[in-house]
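Residue numbers (the working numbering), protein chains in the order written: chain A, 5 to 350; chain B, 5 to 350; chain C, 5 to 350; chain D, 5 to 350.
Calculated directly from the structure, the hints in this document are not laboratory data. These figures come from a predicted structure and were not determined experimentally. Keep in mind that the hints are not guaranteed to be accurate.
[Unchecked claim] Derived DEER-like restraints, expressed as beta-carbon distance ranges:
#1 Q56(B) with K130(D): 43 to 49 angstroms
#2 E261(A) with Q56(B): 19 to 25 angstroms
#3 Q56(B) with Y122(A): 52 to 58 angstroms
#4 T121(D) with E261(A): 31 to 37 angstroms
#5 M5(C) with P281(D): 53 to 59 angstroms
#6 L194(D) with D124(A): 53 to 59 angstroms
#7 Q56(B) with E115(D): 47 to 53 angstroms
#8 S41(C) with L282(A): 31 to 37 angstroms
#9 D173(B) with R229(C): 22 to 28 angstroms
The C-beta atom is built at its ideal place from N, Cα and C for all residues, glycine as well.
4 protein chains.
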Amino acid sequence: MAIKVGVVGATGYAGVELLRILLGHPAAEIAAISSVSYTGKAVSEVYPSLQQICDKTLVDEQAVVDACDVVFASLPHGLSENIAEKCDQKGALFIDLGADFRLYNEADYTEWYGGLTYRDTALHQKAVYALPELFREQIKGKKILGNPGCYPTSIGLALFPLLQSGAVDPDSIVIDAKSGVTGAGRGLSLTAHYPECNEAFSPYKVAMHRHTPEIEQTLSIAAGRAVRVTFVPHLLPVNRGIVSTIYAAGCGKQSAESVHKILTGAYAGEKFVRVLPLGTVANLKNVKYSNYCDLSVHFDGRTGRVILVSAIDNMVKGAAGQAVQNMNIALGLPEDSGLQFVPPAI
Amino acid sequence: MAIKVGVVGATGYAGVELLRILLGHPAAEIAAISSVSYTGKAVSEVYPSLQQICDKTLVDEQAVVDACDVVFASLPHGLSENIAEKCDQKGALFIDLGADFRLYNEADYTEWYGGLTYRDTALHQKAVYALPELFREQIKGKKILGNPGCYPTSIGLALFPLLQSGAVDPDSIVIDAKSGVTGAGRGLSLTAHYPECNEAFSPYKVAMHRHTPEIEQTLSIAAGRAVRVTFVPHLLPVNRGIVSTIYAAGCGKQSAESVHKILTGAYAGEKFVRVLPLGTVANLKNVKYSNYCDLSVHFDGRTGRVILVSAIDNMVKGAAGQAVQNMNIALGLPEDSGLQFVPPAI
Amino acid sequence: MAIKVGVVGATGYAGVELLRILLGHPAAEIAAISSVSYTGKAVSEVYPSLQQICDKTLVDEQAVVDACDVVFASLPHGLSENIAEKCDQKGALFIDLGADFRLYNEADYTEWYGGLTYRDTALHQKAVYALPELFREQIKGKKILGNPGCYPTSIGLALFPLLQSGAVDPDSIVIDAKSGVTGAGRGLSLTAHYPECNEAFSPYKVAMHRHTPEIEQTLSIAAGRAVRVTFVPHLLPVNRGIVSTIYAAGCGKQSAESVHKILTGAYAGEKFVRVLPLGTVANLKNVKYSNYCDLSVHFDGRTGRVILVSAIDNMVKGAAGQAVQNMNIALGLPEDSGLQFVPPAI
Amino acid sequence: MAIKVGVVGATGYAGVELLRILLGHPAAEIAAISSVSYTGKAVSEVYPSLQQICDKTLVDEQAVVDACDVVFASLPHGLSENIAEKCDQKGALFIDLGADFRLYNEADYTEWYGGLTYRDTALHQKAVYALPELFREQIKGKKILGNPGCYPTSIGLALFPLLQSGAVDPDSIVIDAKSGVTGAGRGLSLTAHYPECNEAFSPYKVAMHRHTPEIEQTLSIAAGRAVRVTFVPHLLPVNRGIVSTIYAAGCGKQSAESVHKILTGAYAGEKFVRVLPLGTVANLKNVKYSNYCDLSVHFDGRTGRVILVSAIDNMVKGAAGQAVQNMNIALGLPEDSGLQFVPPAI
């Protein structure tokens, strides 16, 4: 019998991407979907791509919780605790694509998210930061999952094994990341107005993006001590995809080969992380519309710096795909259920 | 047991799109793939998007024919007869994504394809022009299928029912079509050089594109008499997709409603043709990466002209997806096997 | 002594393009600029491209009228009559880039612009529809100029000589036009939200765009009788530029050569209209950021249809550049003053 | 009387951009232009944007040298010495947009440019590396100018004053740069094939780009000692523009304000370098089609790193515009002659 899944916030970009993936999931059945802006409309009126495929009517949040065994939420921060609580009470699995269950340290959340606090601390203690390749064992059987942000996913996967093995200096990390415009969501803004971002390029929130503490949380776990990074995101004139170019001083006698060996070792057997052959470069075009994270390894022998390039689709591995991967792990399904789609070459 | 399928010309854009689709086909197994330019290499070296998904080595054409029950070919015109002959001899199904088996009238082929002729006429008599929604019954059980061109697919689906029912004047048809740059293939040209086609737009081969006789062949069948059209393709600065805007004088008392009714009637029950609700407009973004053809219907009451907008993904419904749909029909499989992927909203 | 010019609505896309052009005009001095949304701010805060070039403070509409001998307005329809009146009273030249002074027939204005009427009919009788190459003599010395719309400019220039000479059938005209996204203005909308229009394409306002009566007004003058056209605009994923592909049945014995001859004759000596050599195709990339209109001529011998391709920069020849050209004509300056910038090749 | 200028290699992207700028230069007259691939053709056949503006016939290199007082060359490396020699003999000013006169240390040239050597050392001693804002005095009166590369221009302008004043640690510099596709030139390659680079993004030549020694040469002059940097360029899916994001550890007590002060001081009075107000971010859209370099300053207080963002148009300040600026300086003309065009807002 199919697992009843639901999406709260189904008409945002991450929400509708969840629908696309869940519609192809062999074990799941979409039982209910909600939207604040479009309640009562068919989702296929909002997204005509779904016509005759999913013409389900958008309901309210409560109706989703009531109808489902698994609830995904893709909402602005500050709105997920309520849903988590309701899911907790009924025993449903809750997977939050927002920021409310990502930071273990409440002070970080308060500092970076406008002074907000955790209303129910016990609830947060039940939650896990769900980056599957790094924290798989902790995800199994959990009921509240904080699905990682897009940038932190691409960066955490690249750096974790190197910090864990002491191959790079934790104090030297500079991350220059570039994200497609879907990362800014569906809400209208001058930033995402076509003539303003087409044939344009610039960083934004320089060294003060909210994903910074989330990145540092993962890297600190890896290094076994507090890590601070310089993180600068840029807006890239493409629809989808993130490329993070990561710089760190090598420790001891590193080389492209030594670093590559650490990463291939760490991700041997992983379905969704591809450590590319030395001499090739990760490119977002190769992971678009898929759940893969491509990692390429480079070494600047002249300065001793390790350079990592990490490419994901921000909407899939950086959001909806990883959320489904997390559902699969939490429920004991095959980890790639519903995620076996092949990235298009073009 | 899986059907052994193969692709000749697997490293062109249509070829690699066939791989993407066939890799997800529940009944097919890719037995062999070939490429003239990259024989001996792994296809995933040519297209890193396929790494760890399909690392198959590219062989030669003969090896594909030998190994397979179904052979797809995606080659420049003039190269498919040989393969068709070999498939015919061994009883394999041959699906040609090129132009060699599309035109029933050899004189048209000779006129539009540089003076080439049909070497083996008997072979051509075994072939069918395989536009599934229009000629499904003729495809069943056939062994040589001429898979339609991208423009002719988008245009034939829109106009066929209207010409068949006499709703529009066959002498009045003007087709203004726009195609993404993958339509020009992977071969290098100044036309497809990024700085030359980005932030640019123009028609090409004005009123002399090779798809003209193929379009007219389908429309003539529909009208029951010879139809000539004005067909002007344009190069659109997007990767994928075709939008054909089609103009024709309405016959008798037509309206948006009357035309819409004809199309919804014609395509009732069709999985891959979506006649959109009146008042909405077809957009290539809603069919990208899918096998759908979206049709919208408009009527210019001030001049009496019917306006149809037809949107497909040129690489899927306009090439590889339709080829798989044709394989499914010819072999008696469910028509949407391997084609159930949902178009992404973005 | 410099001519004091001003722009009302200087922070819209057409407004800021006027600034760019006027800043390089040898005879003009920008005396005042206004904006409803940004009054009191420097225009270079709104558009950092202008930093250290034009840091002028935005004032209100009245201050512009008071300070200037020439007033350009780029406003939503319905807001220009007031300004025209004030300019008329003080004897200033008023050039309206909006729609309020384009239609001679008030009934057309009322029908297509939401029921609005002309408040002051006498004012409208002083105005001229200012498409320079077609109505230059009427512009000279006039004080109220209705600067043409972008689509009507590209279409009027292409068809006027052919209708005037009877070379094409006025009842057969189909216009398939494509515009870059700046045409939709700077106001936020889902239509112009980057992920919604990038890698997308579709028509909009099919056969009901407000430029239709303006197009027909010009063509009717040319033909000497009422002309109705089918006009379908499309949104093109580029920043700037319009390509209009125009279809009309040839009258009598037409050919590419005969049509080409009419157009080269009509535009001999014109600085800003380039009739391209036969065998080449107009492309928006060749006119971007310039005041040129490129016209190419094609003939479909199989159906007898004439095909014209007309390319302009919607922001320059389709708006701000043409407005400056009109100012030059009205004031007796060299027509290309301030407009001699060369289109970039890329 | 006009200065007779010529361009060798006029049909490459930098060459044709030179034409665009020189056509608007008040003191220059284009006397001759050459092209190896298109000799005998009109340049406007190759670039229809120039039709009726510059229909000059392309001649050979020698004819350009013979006809001109100033010769610009835009050629692959290894081809400029010959021309420099001829110009030297006749006393003409030679401005090389290629790499042959940029590196003072021949060993660097040999190492990074495939083993090539300087044939005529005396000739190279007459040359100067011509980055105007940094080396203006040395350019005046010189006859052989090595026009800087695009990346080195954007980087040198940002870092020079900070290294000179000791505000940043020379051993800590990481440069993450992104360039539009015109940077790859007009030569066909899969890299610049539209479907391969549209909706794609990746670095290339990671830590081994040929501009590295040129960057280090400038920075070493500034620091007064050898500087080595990590430099990683990326291919950005836009036509024009470079954004370099530069990271360096601050020395002593730095802040955004202290760094900003150094840069505003260094560039006070400079026409083409705009140090943006604190709190704003440089964006390539604001400098497109202009000779400006926009610099924004940021400080990561959490890690003590200075972050600079430098934006130029790679074809103007990064190539043709700077070359004209250099001509103006060398000849004692106003430095902004022919360069006063305003960057379009969109």
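Going down the list of hints, with the structure as the test:
1. Q56(B) with K130(D): 43 to 49 angstroms: 56 angstroms, violated
2. E261(A) with Q56(B): 19 to 25 angstroms: Holds - the Cβ-Cβ distance for E261(A) and Q56(B), about 20 angstroms, lies within 19 to 25 angstroms.
3. Q56(B) with Y122(A): 52 to 58 angstroms: With a Cβ separation near 40 angstroms, Q56(B) and Y122(A) fall outside 52 to 58 angstroms, so the hint is violated.
4. T121(D) with E261(A): 31 to 37 angstroms: Holds, at about 33 angstroms.
5. M5(C) with P281(D): 53 to 59 angstroms: 34 angstroms, violated
6. L194(D) with D124(A): 53 to 59 angstroms: 55 angstroms, holds
7. Q56(B) with E115(D): 47 to 53 angstroms: 37 angstroms, violated
8. S41(C) with L282(A): 31 to 37 angstroms: 54 angstroms, violated
9. D173(B) with R229(C): 22 to 28 angstroms: 23 angstroms, holds
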